[in-house]
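Chemist: Top to bottom, those sequences are chains A and B.
According to the working numbering, the stretch in the first sequence is residues 1 to 426, in order.
According to the working numbering, the stretch in the second sequence is residues 1 to 166, in order.
Check each hint, because a few of them may be wrong.
[To be verified] Derived CB-CB ranges, DEER-like:
hint, chain 1, residue 1, chain 2, residue 2, range
1, B, Gly99, A, Pro253, 22 to 28 Å
2, B, Ala161, A, Gly15, 17 to 23 Å
3, B, Met1, A, Gly98, 47 to 53 Å
4, A, Asp56, B, Arg4, 42 to 48 Å
5, A, Asp72, B, Ala31, 15 to 21 Å
6, A, Arg83, B, Arg113, 47 to 53 Å
7, A, Thr319, B, Ala32, 41 to 47 Å
8, A, Arg241, B, Gly99, 37 to 43 Å
9, B, Ala32, A, Arg83, 17 to 23 Å
10, A, Arg233, B, Ser165, 42 to 48 Å
[Stated by the list, open to error] Here are a few chain A residues that sit away from chain B, every Cβ distance over 10 Å (derived from the structure):
hint, residue
11, Lys48
12, Asn77
13, Asp96
14, Ala122
15, Asp123
16, Asp143
17, Ala149
18, Thr234
19, Arg243
20, Pro283
21, Val290
22, Gly317
23, Ala354
24, Thr357
25, Val376
[As the list claims (entries may be wrong)] Covered stretches of chain A (in silico footprint by chain B; criterion: 3 or more residues with CB under 8 Å from a CB of chain B, positions within the stretch not fixed):
hint, stretch
26, 127–141
27, 382–389
What the hints contain is simulated information worked out from the structure, not anything from laboratory work.
Glycine included, C-beta positions come from ideal geometry on N, C-alpha and C.
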Amino acid sequence: MGLTITEKILAAHAGVPSVRPGEIIDCRVDFVFANDITAPLAIQEFEKMGVARVFDPDRVAFVLDHYVPNKDIASANQCKITREFVRRHALPHFYDIGRAGIAHVLLAEEGFVGPGDVFIGADSHTCNHGALGAFATGVGSSDLAAAMALGRLWLRVPETVRYEFRGRLRPWVTGKDLILAVIGRIGVDGARYGAMEFAGETLRDLTMDERFSITNMAIEAGAKNGIMEPDERTLEWITPRARRPFTVVRSDPDAAYADVRTIDAGALEPVVAAPASPGNVVPVREAAGVRVDQCFIGTCTNGRIEDLRTAARILAGRTVHRDTRLLVIPATPAIYRQAMAEGLIQIFLEAGAAVSTSTCGPCIGGHMGVLAEGEVCVSTSSRNFVGRMGHKTAQVYLANAAVAAATAVTGHLTHPADVMGALVGA
Amino acid sequence: MVVRGAAHVVGHHIDTDVIIPARYLVTAEPAALAAHVFEDLDPSLRARLAPGDVLVAGENFGQGSSREHAPIAIKAAGIAAVVAISFARIFYRNAFNVGLPLLECREAHAGVREGDVLEVDFAAGTIRNITRGGALYQGQPIPAFMQRLVDAGGIVPYVRAQLGSR
Numbered sequence: 001m002g003l004t005i006t007e008k009i010l011a012a013h014a015g016v017p018s019v020r021p022g023e024i025i026d027c028r029v030d031f032v033f034a035n036d037i038t039a040p041l042a043i044q045e046f047e048k049m050g051v052a053r054v055f056d057p058d059r060v061a062f063v064l065d066h067y068v069p070n071k072d073i074a075s076a077n078q079c080k081i082t083r084e085f086v087r088r089h090a091l092p093h094f095y096d097i098g099r100a101g102i103a104h105v106l107l108a109e110e111g112f113v114g115p116g117d118v119f120i121g122a123d124s125h126t127c128n129h130g131a132l133g134a135f136a137t138g139v140g141s142s143d144l145a146a147a148m149a150l151g152r153l154w155l156r157v158p159e160t161v162r163y164e165f166r167g168r169l170r171p172w173v174t175g176k177d178l179i180l181a182v183i184g185r186i187g188v189d190g191a192r193y194g195a196m197e198f199a200g201e202t203l204r205d206l207t208m209d210e211r212f213s214i215t216n217m218a219i220e221a222g223a224k225n226g227i228m229e230p231d232e233r234t235l236e237w238i239t240p241r242a243r244r245p246f247t248v249v250r251s252d253p254d255a256a257y258a259d260v261r262t263i264d265a266g267a268l269e270p271v272v273a274a275p276a277s278p279g280n281v282v283p284v285r286e287a288a289g290v291r292v293d294q295c296f297i298g299t300c301t302n303g304r305i306e307d308l309r310t311a312a313r314i315l316a317g318r319t320v321h322r323d324t325r326l327l328v329i330p331a332t333p334a335i336y337r338q339a340m341a342e343g344l345i346q347i348f349l350e351a352g353a354a355v356s357t358s359t360c361g362p363c364i365g366g367h368m369g370v371l372a373e374g375e376v377c378v379s380t381s382s383r384n385f386v387g388r389m390g391h392k393t394a395q396v397y398l399a400n401a402a403v404a405a406a407t408a409v410t411g412h413l414t415h416p417a418d419v420m421g422a423l424v425g426a
Numbered sequence: 001m002v003v004r005g006a007a008h009v010v011g012h013h014i015d016t017d018v019i020i021p022a023r024y025l026v027t028a029e030p031a032a033l034a035a036h037v038f039e040d041l042d043p044s045l046r047a048r049l050a051p052g053d054v055l056v057a058g059e060n061f062g063q064g065s066s067r068e069h070a071p072i073a074i075k076a077a078g079i080a081a082v083v084a085i086s087f088a089r090i091f092y093r094n095a096f097n098v099g100l101p102l103l104e105c106r107e108a109h110a111g112v113r114e115g116d117v118l119e120v121d122f123a124a125g126t127i128r129n130i131t132r133g134g135a136l137y138q139g140q141p142i143p144a145f146m147q148r149l150v151d152a153g154g155i156v157p158y159v160r161a162q163l164g165s166r
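So that you can see chain A by itself, here it is in the shape it has in the complex (with noise of 0.2 Å):
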């Protein structure tokens, strides 16, 4: 029996010729980072085991990208440790303000992940590499420390279920919504512990920034990772960018799978996942309607280029309805160049949306945009459990970058069709 790429990947790093689903395997790993959350609990438990230097200083990474810039003195302190443990020991691959960008998005368009790699991050939407055709999982500091001190972590081999999405998406119909409806099916624990392989005919015709968009979130699904085959769009992408030499690793046609599970894609209209479970998932013009305050467009699943320009397509000589905040963030500042060059970041200030430096503020109800009381958002973020962007009682509807525009030109849950006119495509 065949094996599939994710059991492929952690046999070549446990140094076994084969694995399988539920067997514990101590497995090297290619690249670790933490953000200014994770990071200080690392460095303390990291420096609790007695370990000298960490195993490569090449393949270590600090992002500051969660509270930053700083927004009070505790934050400003998190980041501070970092930044210390950093100068001692050396380390070359640290993002400070003003370089940082969102980590995920950041590290992947740096070149420090590849096909074929082990990439363990401090950070639950790690698994957004896995587009990449990387085994990549989110752990918790102690984990990390571990690993970085050992250039190692003990994992246990998931059970892979393959997603293959069928046809062609129609107009407004993204990477962002395949992966919401997929976990609008399955729940948000259906893939737990599990890894989701996504495959087929439609993912052929994505970019890569869709791509991630949907490895970003199969944390949401509960699983372990979220993992795509590389093509030559893959390659076509990673190249440039690659710091280290990588192996393009494929599913065995005869490898065992869980189960096996075909979506009609070319059926999908744009979906929201609704308060408050990215598994409340229902199509946009279901929701339609709904009054909103503030839309968010960014974060680590959906702050890239492509997004941008999505939505500064709706929003060219359009304005933010007046009772409605629009709230871009670019996830990099090379995205940020990127849109200015090509006049987006002007087309979003004529249209009377706030721009602002990279983090993941919003997202976490941490700074940048918090929700006041009973306060709706329509946010292209990943999350939209209780509280999570601020009030208890604010709701945060999930959605793809063009909802999330066409929503703040009318103040109200919109498909962008609604806006552009129905045979305009995406």
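Fit chain B to the known structure of chain A by using the hints.
Modeler: Showing chain B alone in chain A's frame:
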């Protein structure tokens, strides 16, 4: 190991945002985190928790973020063990790493009421409901590998041992 304490019952899919909202993640100090545990789920829950109490949850407890602050906050609020039908995977690892023991049990959630006194036996994987005539709920004993981590004293001594054996 046996834990005996009063039960606090919560629902399904309890996420790390309601365990400890990210707005408080500007520190990793256990007492500061414990002060806000479950604040957005039930503002009165924190005050009802006493040292040694047991949290009883439904499916997928701890879903969402990788914040280790979540089990730290629960433990620092006095909870000695969490029993759930199932756990989200990052939370599961984190809880053992910070010394908060977990037990998977399908039956307990339906049988236990708020305030029932429970006796959780981790070796046997059982929960006895003292308040309800000693009703016994059979759970899954901690997997052998996790038990070795617990026996080693947690992830820090485990790493020290790994480094020592090189």
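Chemist: Each hint should be assessed against the structure and marked as holding or not.
Modeler: Going down the list of hints, with the structure as the test:
no.	hint	result
1	B:Gly99 <-> A:Pro253: 22 to 28 Å	violated (45 Å)
2	B:Ala161 <-> A:Gly15: 17 to 23 Å	holds (20 Å)
3	B:Met1 <-> A:Gly98: 47 to 53 Å	holds (49 Å)
4	A:Asp56 <-> B:Arg4: 42 to 48 Å	holds (46 Å)
5	A:Asp72 <-> B:Ala31: 15 to 21 Å	holds (19 Å)
6	A:Arg83 <-> B:Arg113: 47 to 53 Å	holds (50 Å)
7	A:Thr319 <-> B:Ala32: 41 to 47 Å	holds (43 Å)
8	A:Arg241 <-> B:Gly99: 37 to 43 Å	holds (41 Å)
9	B:Ala32 <-> A:Arg83: 17 to 23 Å	holds (22 Å)
10	A:Arg233 <-> B:Ser165: 42 to 48 Å	holds (44 Å)
11	Lys48	violated (5 Å)
12	Asn77	violated (8 Å)
13	Asp96	holds (17 Å)
14	Ala122	violated (6 Å)
15	Asp123	violated (6 Å)
16	Asp143	violated (6 Å)
17	Ala149	violated (5 Å)
18	Thr234	holds (26 Å)
19	Arg243	holds (24 Å)
20	Pro283	holds (23 Å)
21	Val290	holds (21 Å)
22	Gly317	holds (37 Å)
23	Ala354	holds (20 Å)
24	Thr357	holds (19 Å)
25	Val376	holds (17 Å)
26	127–141	holds (count 4)
27	382–389	holds (count 5)
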